[in-house]
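Colleague: Sequence:
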Amino acid sequence: MAFDDWTRDFTGWPLASLEFWRRLFEVGAGAAPESRPPPQWATPARLALDLAALRLWDFSTGNAARPVLVLAPFALHDAQIADLAPGHSLISALLRHGCPRLFLIEWKSATRATCRATTDDLLAALNVAIDDVGAPVDLVGLCQGGWLSLVYAARFPAKAARIVLVGTPVDVRAAPSALSEPVASTCEEDIRRLIDMGGGCVRGERMATVWPREDDEEKRLVDSLEIDPPFAGPEAQQAIAAFRDWDRRPLDLPGPYFQEVFSRLYRDNLLASGGFPALGRSIDLRALRQPLFLLIGERDAIAPPAQALAVTRLAQGRAETAQAPCSHLALFMGRRTIETQWPRVAAWLEEARR
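Just so we're aligned: 166 in my numbering is position 166 of the sequence shown, and the numbers increase by one with no gaps anywhere.
Do not rely on the hints blindly, as some may be mistaken.
Label-pair distances were calculated between CB atoms; the ranges are [claimed, not checked]:
#1 Gly199 / Asp50: 20 to 30 Å
#2 Ser185 / Ala124: 25 to 35 Å
#3 Asp284 / Asn127: 16 to 26 Å
Treat the hints as calculated values from the structure; they're not laboratory data. A quick note: this is a predicted structure, and the numbers were derived from the prediction, not measured. Every residue, glycine too, gets a C-beta built ideally from N, C-alpha and C.
Hey, can you work out the whole structure from these sequences and the hints?
Modeller: Below, the structure written as structure tokens:
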């Protein structure tokens with residue numbers, strides 16, 4: 001099924017049908033690997049903190065009054081989404097355009113020791129990392145890292161000054177997507193079975209077999225990296241190699257965390273309706289007063305514009321929006337989007353420091 005087909009008709013994606021579960025459960029079982037090849041950063045970085053759930057990377061090239069912390073998504077792929085290759089790095093763009101004190105959260109793939117982690121465990125680890133960086137910070141949340149940024153900022157409002165949301169689902173009932181529609185027809189029993197088959201984790205290798213993607217590999221490279229065939233030149237070849245390596249190392253997710261995202265974010269829509277649990281509190285975005293910047297992909301099938309824009313009617317903070325003519329992955333690694341949109345993100349973050 002081609003990319004444009006399933007963006008027009010979400011019921012065509014396998015997750016919406018019994019075919020999804022047949023394919024998913026046919027993938028061979030086995031213990032989750034305890035180690036994976038690490039991300040290969042395109043930009044020099046220093047490991048600043050290593051916890052069970054995450055690594056904190058310091059990309060800083062100078063000083064600034066307030067640090068910027070990028071939250072990678074804890075989903076199918078690792079944090080190299082933020083620093084893929086030269087010309088395809090939002091980290092590099094932020095550094096070049098006015099954010100010299102810059103950090104990145106890399107979520108670790110779940111292991112036997114961490115497969116019981118919950119959303120609260122991730123928030124607690126994030127809180128430790130932010131204390132190490134020095135609060136308050138400006139948060140830049142990528143996809144699933146975006147809603148986690150919102151929850152964290154609502155739970156610890158004094159520790160988050162400004163929030164950038166990039167391709168972030170907020171109100172999953174505002175528009176259909178390649179994730180929200182299929183989840184509506186999925187039952188808890190299937191999720192529990194999926195977790196049990198992974199020994200308490202949701203295996204990334206299983207999810208990668210059914211994750212929505214273009215059948216045409218060339219079109220996928222064009223859409224994600226925003227490069228044109230025949231992909232000549234060393235920089236294009238380097239980006240393609242980095243993309244393929246990144247795509248081949250999916251993350252395993254802790255079972256409880258996966259089940260909470262499934263039920264709280266997608267099935268019950270608690271981020272938009274209110275009542276999202278976070279470290280003993282109930283989160284309501286209507287209490288959120290930090291300034292917001294939204295970067296949205298016009299052709300984003302994972303977090304379509306209506307889902308992302310919903311935060312502007314829920315939160316109280318002043319919101320600025322930029323829409324890019326791109327797909328989901330291009331928001332983070334597309335050459336054109338990096339060149340045209342991320343300088344604007346950096347300028348918005350920098351304006352508070354003037």
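Colleague: Taking the hints in turn, state whether each one holds.
Modeller: Verification of the hints:
1. Gly199 / Asp50: 20 to 30 Å: Once the Cβ atoms are compared, 24 Å apart, the range 20 to 30 Å for Asp50 and Gly199 holds.
2. Ser185 / Ala124: 25 to 35 Å: Given range 25 to 35 Å: holds, Cβ gap about 33 Å.
3. Asp284 / Asn127: 16 to 26 Å: 19 Å, holds
Checked against the numbered hints above, the structure breaks none of them.
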